[in-house]
Each structure stands twice: as C-alpha cells, then as structure tokens.
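Since the structure of chain A is provided, determine the placement of chains B, C and D on it from the hints.
Protein chains: 4
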Amino acid sequence: MSSLSRNAYGKSHVRLTRVARHGAFHELTEMSVDIELQGDFAKCYTHGDNSSIVATDTMKNTVYAIAKKHPLTAIENFAQALASHFIEKFSHITSAMVYIEAEPWNRIEVHGHPHPHAFISGGSEKRTTRVTRTRDRTRTEAGIIGMVVLKTTKSGFVGYIRDEYTTLKETTDRIFATSLQASWLYNQQEVEWNESFQSVRQAMIDTFAQHDSLSVQQTLYAMGEAALAACPSMEEISLTMPNQHRILVNLEPFGMENKNEIFVATSEPFGLISGTIRRD
Amino acid sequence: MSSLSRNAYGKSHVRLTRVARHGAFHELTEMSVDIELQGDFAKCYTHGDNSSIVATDTMKNTVYAIAKKHPLTAIENFAQALASHFIEKFSHITSAMVYIEAEPWNRIEVHGHPHPHAFISGGSEKRTTRVTRTRDRTRTEAGIIGMVVLKTTKSGFVGYIRDEYTTLKETTDRIFATSLQASWLYNQQEVEWNESFQSVRQAMIDTFAQHDSLSVQQTLYAMGEAALAACPSMEEISLTMPNQHRILVNLEPFGMENKNEIFVATSEPFGLISGTIRRD
Amino acid sequence: MSSLSRNAYGKSHVRLTRVARHGAFHELTEMSVDIELQGDFAKCYTHGDNSSIVATDTMKNTVYAIAKKHPLTAIENFAQALASHFIEKFSHITSAMVYIEAEPWNRIEVHGHPHPHAFISGGSEKRTTRVTRTRDRTRTEAGIIGMVVLKTTKSGFVGYIRDEYTTLKETTDRIFATSLQASWLYNQQEVEWNESFQSVRQAMIDTFAQHDSLSVQQTLYAMGEAALAACPSMEEISLTMPNQHRILVNLEPFGMENKNEIFVATSEPFGLISGTIRRD
Amino acid sequence: MSSLSRNAYGKSHVRLTRVARHGAFHELTEMSVDIELQGDFAKCYTHGDNSSIVATDTMKNTVYAIAKKHPLTAIENFAQALASHFIEKFSHITSAMVYIEAEPWNRIEVHGHPHPHAFISGGSEKRTTRVTRTRDRTRTEAGIIGMVVLKTTKSGFVGYIRDEYTTLKETTDRIFATSLQASWLYNQQEVEWNESFQSVRQAMIDTFAQHDSLSVQQTLYAMGEAALAACPSMEEISLTMPNQHRILVNLEPFGMENKNEIFVATSEPFGLISGTIRRD
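Protein chains in written order, with the numbering used here: chain A, 1 to 280; chain B, 1 to 280; chain C, 1 to 280; chain D, 1 to 280.
One chain only, chain A, in its complex shape (with noise of 0.2 Å):
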C-alpha cells in the first residue's frame, strides 16, 4: 500500500508588465510570479475529485486582477498581498507561496536627461522575493540573482589539504568572478522594500569589492556580514557563489612569459560555495 506524503501545485512563469501613468512620466515594473499552494488536496491526487482545486489559469487571472488594484510599491508588498489572498479566501489552504523575480528595467538617459517613458534592461541581475504565507505566520524573504561580479586581484587560495588527487598549485593572486545568489529573511512583514534592497545590495557589492580574499568561502561570510551590518531588519541570509574559474594561459610554448594578463573563461566544471549568516 502507498499514500500521498506531500501535494503542491500552481502556476508558473505568470508574467506582469504594469505601467503606472503620472502624465507624460511612466512607471513601468515587469515581472515573472511564480505561485504554489498546499492544502487539502489528496483527494484531487487520489480520486480525482478537484472540488478543493483552485485551477492554476485562475491563479494567473488572480496576478493580473490584483495588480490591477495593487500599488506595486515594491514586490515583496505585491507577494504578500498575493499570498495572502489565497489564504484568506480558501480555508483548506494551509501554505501560499509567492516567488517573483523582476526584470531589472533602466531608464534610458537622452541628453543627460531621465526619459519619461523610455526604458534600457539592466542585464542578467534580477531582484527577488519570495513570500511563503500559512495560517499562522508570513516569511518575506528578498533576494538577488544573476549579479555577475569579477576581481582581478586580492584574491588568493592557500593552506588547502594536499592529498594523493591534489594538483591544483597555490596562489595568492588569482582572478575571482562569480554570479551572485542571495535571499535574506526579514525578521518583520513592513520594511522600507527598496531602501532595504538598495542597502544591502551595495553592502555586498561593496565589500566583494573591497574584501582581501583568502578564499570564495571566506568573502561569501564577509558579504554576508556586511548584509546583516547593512540592514537590521535582516534576520539571515543565505548566498550561493559559483566559482567561475579563469585559468592563466600557458604561453611558454610560444615563448612568452604570461604576467598574470592572459586568462580563459571556463564555464565547467565550476565550485560552487554557499553559507547562510544569522544574526545571533
């Protein structure tokens, strides 16, 4: 005999365009939502009875409506308005989970001048929230993905163990590029959404920068700190740091010496660190 031990369902990918219009000047704010119940849904499982199933289409419908009425301030406020309309409305809900990424839109400069209704993407970055409501507590969470960052110097690996597979050589002065992944937990439901982002994105940026790094692990730890330093409403946060080596070139075959200067990008096999930092 075998039962259901765990059911979760929704609809992924719903992607939000919203213009807000004050005159001539737009506000434009792009997004992709990704929504996921759980509840009392065996029986849809089991028996094939969707009578507890909110169709997954009228998930999508829900994003566009409640955007409609929304502010949109910021997206981790639209997550929880999200998440908690599932939970208020349908009593055999037991968890909504809201996960957004929104696309990193610029306003385009002519002149010197912000235009009022022009817009140039700003790359692979993407801010994040995910928003995980059940009956007795909210999680907000925020995030980053995709903040492609690379060092050239004042990066070093040393002191590692040496064993019968061990040939990498040591160096204390390597190339150190990475794509950043990061989600902090608020340790509260209203926060200043986009200072708070501002603040600790630049705390991170800011010390990968500056950091003298012994190793991936150990600048993963000090961006994190500074995250925390960053933003008291900060109660953890978790990053995950590929790897992604640059390897000197060997030019001795054609009889150069290479100072450091000539490197390929490989993008397999790659480290991969990650670390969670709590503030005690």
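Source of the hints: derived by calculation from the structure; they are not laboratory data. Do not take every clue at face value.
In silico lysine-lysine, DSS-like type, Cα no more than 27 Å apart, as pairs [unchecked claim]: (1) C:K169 - D:K89; (2) D:K169 - C:K69; (3) D:K169 - C:K89; (4) B:K169 - A:K169; (5) A:K154 - B:K43; (6) A:K69 - B:K169; (7) A:K154 - D:K89.
Between beta-carbon pairs, the in silico distance windows are [stated by the list, open to error]: (8) A:P232 - D:N106: 25 to 33 Å; (9) C:T172 - D:I247: 41 to 49 Å; (10) D:S267 - B:R162: 28 to 36 Å; (11) D:E257 - B:R139: 53 to 61 Å; (12) C:E195 - B:K89: 56 to 64 Å.
Which residues of chain D face chain C? A few of them, derived with a C-beta cut under 8 Å, are [unchecked claim]: (13) S2; (14) Y9; (15) K11; (16) H13; (17) R15; (18) D57; (19) N61; (20) Y99; (21) D173; (22) Q218; (23) L220; (24) N243; (25) I247; (26) F254; (27) S274; (28) I277.
Note that this is a predicted model, so its numbers are computed, not measured. All C-beta atoms in this analysis are idealised placements derived from N, C-alpha and C, irrespective of residue type, glycine included.
Just chains B, C and D now, kept in the frame of chain A:
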C-alpha cells in the same frame, strides 16, 4: 553579532566520458557529476583558514581517478563510491552528496545491427542519481529528468473551484503534455540498479499512456503508485510535472470549426504539479 | 543622404500542434514556423505608411487557418502551401520564405504495441524545411538540426600544419562527437518527402558510424556524398559539424595510465567544420 | 558524380580574458572569438590529406599569443590583427573571418568612486565586430547584440492590410519592446573604434526613445538613419528587431477596466523586422 549557521561547498558539472573497450566492442558512459560536502569548514568562512578544505579542483580529479578504478556498471554505485571516498578519508566531513546526470546515448543501428562503437543521443531525457552519505547512513536516490511525453486524448479537467477570477472552461478532452522529473529513494543500498531503473521508467510511461486522466495531479499519483508497484526496493517517489499547455486555436474568425485539431503550444505560464508517494 | 537597401519582416516561432484523429488512432504533428516576406515595403520603413504591410499577427493566423485545410503529410509541402499563399495573394510581395522545425515525437510502446494516442519526445534532433518562393521559382530545402552522434574510435587527425603556435599532438585514435546540422536542396518540387528524408538521414548516420575518419572534414564530405547517392532528387547538401571535443584526462599525477578510457567533454571552444557537396 | 562546392572551417567560442595592469589600476577585457578560414582545403575533405590544414587548436593558441602582443585598445583592431595573421602567413588561405563578442564589464563604484580592480557585468548587451580579410581587401564591421529596450507609449500600428485572416486590432498606443541586433560596415580600416561605437549606440538609443513610432519598421529605419548621421565613417548599417509583444490583459471578466496598465509579455511568436540602410 552574527554567525555561520549553515555551509556547504563543492564542484559542479564535472563532465566524465568513459569508454570501456571489449575488443572492437565499446561501451560508452557519459555523465556530469556534482559533489557537495558539509562538515567542519567554518574557520575557512570566518577566518580564511583553508586547512580543512578539500579543494574543488581536487574533487574534480577524484572523479576521474575513481572512474578509472571503478567498474561503472551504474551511476548509482559510482556515486556511492565517490561519496564514500570523502566520508571515509576525511573525518571532519559530515556529509558528502554526489549528484549525477547521465547522457542518454543509444547505439547506432546500421542495417539493423547495433554498431560496436557508434552512438546517437537519446535526447533530452536523462537518468540521474543522488547519493547522500553521512557518518551513520547512506541515502541512494535514482531519477529521471526531461522525459517529455504527450497524449492527445483521455485527459480532462472539470469540477474545480469557480471564483470571481475563474475564466477557464471545463473540458473532458484536452491534450496533456509534460516534461517529467522524478526521483525515488531506495530502501536498500545494493539494488539491481539498471533493471530497477528500467522497471520504474516503463511503469511511469505505461501509466501515463493508459491513464484516464481527470487531472494532472491524478495522473501523477497513478504514475507514482505504478512505480512503487514495479520496484519493491523503492521506499518513496517524488514526481514533478509541468503542465505544458496546448491551447485550442480559435478558427471561428476564419469561418472554420476547430474540431480539437489545431492547437498552439505555450511555454509560459505553466502549471506545475508535484507530489510524493510513499510505501506504507 | 541614405536609403533602404534591403528589407524583410515576418513572424517567427509560430507554434502549431495538429492532431489528426482516425477513430481512436491519432497522429500528432508539432512544429514551429517562421515566415519572412520581402517586397515593396519601403514606404513603411521610410514614411510609416503601413498600407502594404501584412501584419505579422495575420501571418500567425494564416499558419493556423492553412493548417486546418492542409493534409500536412509532410512539413515540406505545408511550407510550400504557406509560401504560395503569400506570393499568390499579394502581388507586391517578391519573396516568401517559410522555415519549419518539427518536433520529434515518437509513439509510446506499451507491452510492445504502439499506443494510439500517447507519444514521447525523440529528443534534440529536429527535421527542418525551408521553402523560398519568388515570382518565378520555388526552392525547397529539407534538413536536420541537433543530430548528436559520437564514435569512440576510427577517428584520427595527423599531418596538419605545424607552426610556432601549434601544440596539438597528432592522434590516430580519438573520440569524434558532433551535433550535425544539414540542409539539402531538392531539384524538383514534388518529392516523396518522408521517404527522402529518411533515406538521407540514414545514409548520413551509416556513413558516420562506418567511416574511417582522417579528419572531421573528410567524414563530413563522405556523409554528403552518401546523402547525394541515397537521394536522386537532391541537388546539393550543406553540412555543419561542430567538433565536440573529448579530451583525454591526464591521470599520471595519480599514478595511473589512461588507456584511452577517461575523457572530459568540453563545450568551449569548439572546432566548426562546414561544406557543401553538389551533384555534378 | 559530386564535388565540394564550398568549404570553411574554424574555431568558435575561444574565450579570452585580458587584464592590463597599470600599477594598482587594472583594465579588464573579456571576449569570445570565432575564427573561420576559407581556402584551398579541398583535399582534406575529399582525400583526408591534412597538409593544408591549420588545426583549430592552433587557431585557439594564436588568439592567446596575439592577445599577449597586441595593445587590445578595441576589439575591431584585435580582430583585424588576427585576420591578417592568417592571410599573411598562409598563401593558400583566401579568406579569414574573425568575429568577436565582448563581455560588457563596468567598473564597480564604491562610495561614488570607480574601483581600480573590481567590475560588475553590464548584462545582456554585447559589443561585436566582424572582420573579413581576403587577399585584396578588408571589411570591418562593428555591432551590438542583445540591447533590450522598451517604451511604454509613442508607438502605434494602424492602416495595414486587412484580409480574411486578419484579426489584429489597430492601436495608436502600445508598448514597443525589442532586443536590438545591429551591425555596421565601416568605409575605412582605421577608425576611432571606441568613440564611433559609442556615438552609434547612443544615436540608436536616443532615436528609439524619442521616435513617434508608426511601425517597428519605421523606428528601425529612423535608428539606422541616426546611426549613419552620427558616424561619418559608416557605410551602411543593418538592424534586426524582434517585436517582443506585450499584450493587454482582458480584465473585463473581473469587472475591471484595463486603462493600458496591465500587460502580459509573450516570448513566442514574435515579429521579426530587419532592414539595411546605406549611405548614398
């Protein structure tokens, strides 16, 4: 004050190709290996002291060296060997996780005969394994990702909740397409890995084809039950099924009736259904 | 002063799913269609006068409407029908190009019997066609993209130029892997499309498997010759073959000899070889 | 009988990272290089005689060796140097094409000051060049790929052809979003590459923002004209603009009026508009 509450690191996407040569008859095995270690690494994060760190480059070398010595009859026992290596060699490592995705190579047939050394890719479907070894136990999971299947009938969706945001029409005959991701936990550490994998895979495919689906959830559950029935050494199975919608095209503006013939496939948004079924 | 020297526009990635129902036995056809028109559209570019423009949204609708009326026995004749539609209907259009990629669906087998309505993806390999219709002629090409093949022996590379930047070692036994892209031009407009496609595909696969390769270039040429021999209605064929390198791993630091067994697959950089072979 | 009517081969995705060190102040250049040679290589294809072949591995080495010697002030002159190397060294090579995509690194600002050795990715937009050198001439093109821009108003589309498959409604106020791909041909081989690139890029961005668009085609043409006006050393420019549709969401079923506020972004299908504008 803050502290490190969780840490892990490893090497991802170590790509291994292994050719076993039995005279003119060759066997090809190709995979991507991820390794993640947990343990007493805190001083690396907090103080840049790397003396407890197995370099991720060493992990990569270890994959190749152990592959040379291992019979590699299944990815599951190779993952076990890799995880064991780290746990047994380093007492400060508390957990070694090894995840492998195998490339789906099939032997080319020439004039109806399997060729001894030429292969063609089986496509997007990959066999996976995840072995997590700690000081006191081993967990071995097998799985599939990217198994793309579609049925043109015997799928409906009716009787779900209708609220103010519901516009979806009920249907008793729709297309059902998905890209299955499944992983299952074995209740023992020595299994006929390849036979078990094939039994589970075939049970899920057969059930998908033959099931009279009242919802994606119901078919997912039926596939999980069939998998458990087909493989006694399985303890539980988790399935994730995106609903890759095919939407009926409205041909009325062109004076045509669409008798469930012409559809548009949409990538976004998509329903995402998951569940875990457990042997009682 | 400046002027418009070339223009073209169209709709890309029109995704069409067609189900043909013969009682309980269903046929599934799935494809992505690109349309590109050239003609007298200059005043749209230069003056914003859209009176000569067939909207790309109309092109999309046209795909679905013509699919409803067409037997769709092959993507080649469907592409011809679409291209003809635009040329015949609009006298100011000088060229209509239709490119189609077909999804590789195979019928699921249950207990050895092909299932009447359930399908499984054949993976990354796609059949393609490109029809270009102008006022006075039609060009019909067929093709394959994403045919990933590998042979573990009977491939070498020696005798190439050695200059001051050459470090590659000669080898008489290497792995040869590629993702074939091929397209061929028919010398007539009515062909047994499906039989021709299968003959060409099989001729290329057989040759890849059986060829004693002195270079990727030589195998490419042999595959092209075999394709021409297998299909009398083919006028010429172009093949593109990335060299998806597998590099021998150096196991000597670990006291092991690598007898052509253990390799690492690299994605970048890759050789890229192309050629066109023509019937004289 | 058949014969080789065209051939070419090369190395793609040679990834180069170059750090120039001026004391503590570092400059970072990162790119991916493709090389393709044409010439008298037929006997390699037809007879497996590699004596005329420059190995693609040698091409890769050549990129790194020449990078070491080259000032690398612009990707255009580096591509010229690479193309010249092959043409000048090997008389049987008739054409050497070098294509480069540069990674968009920006200097990190810490407390408002540009950091001497830390960088952050500028995202998806890449600067490109393509140099084609033959025995008697050099063609140097520059370009942009992945420049994602959006305007929330001043874009309409009316007056197009209405036929039996037309359902699109005319609009005088829609969102216009695209991912620009542009490449332009210089009329001379020594140019202030970086200044020219910046002038062309800014002219296209300014025009996109300020243009009152009656169609994608018209804006494309206006951007091309502006680019030609901004850069006297440009001979012609080709632009390709996918129409990344934002579609108004129908909120009426929820009793709401959508005042051009709430849209869904769709990836497929997309319009694809291209044109070449030439200096007379």
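Okay, the hints, checked on the actual structure:
1. C:K169 - D:K89: 22 Å, holds
2. D:K169 - C:K69: With a Cα-Cα distance of about 25 Å, the restraint between D:K169 and C:K69 holds, given a limit of 27 Å.
3. D:K169 - C:K89: Measuring from Cα to Cα gives roughly 22 Å; hence the hint holds.
4. B:K169 - A:K169: Since the Cα atoms of B:K169 and A:K169 sit roughly 64 Å apart, the hinted pair is violated (cutoff 27 Å).
5. A:K154 - B:K43: Between A:K154 and B:K43 the Cα gap is close to 19 Å, so the pair holds against 27 Å.
6. A:K69 - B:K169: 25 Å, holds
7. A:K154 - D:K89: Violated, at about 40 Å.
8. A:P232 - D:N106: 25 to 33 Å: 30 Å, holds
9. C:T172 - D:I247: 41 to 49 Å: Violated, since C:T172 and D:I247 (Cβ atoms, about 59 Å apart) do not stay within the stated range.
10. D:S267 - B:R162: 28 to 36 Å: 30 Å Cβ-Cβ, so the 28 to 36 Å window holds.
11. D:E257 - B:R139: 53 to 61 Å: 55 Å, holds
12. C:E195 - B:K89: 56 to 64 Å: 59 Å, holds
13. S2: For D:S2, the interface hint holds, since the closest Cβ of chain C sits about 5 Å away, which is under 8 Å.
14. Y9: With a closest approach of 4 Å, the D:Y9 hint holds.
15. K11: Nearest chain C Cβ about 5 Å off; hint holds.
16. H13: With a minimum Cβ separation of about 4 Å from chain C (threshold 8 Å), the hint on D:H13 holds.
17. R15: 6 Å, holds
18. D57: 4 Å, holds
19. N61: 4 Å, holds
20. Y99: Where the cut-off is 8 Å and the nearest Cβ of chain C is about 11 Å from D:Y99, the hint is violated.
21. D173: 15 Å, violated
22. Q218: For D:Q218, the interface hint holds, since the closest Cβ of chain C sits about 4 Å away, which is under 8 Å.
23. L220: 7 Å, holds
24. N243: With a minimum Cβ separation of about 7 Å from chain C (threshold 8 Å), the hint on D:N243 holds.
25. I247: 10 Å, violated
26. F254: With Cβ-Cβ at 25 Å, over 8 Å, it is violated.
27. S274: 5 Å, holds
28. I277: 5 Å, holds
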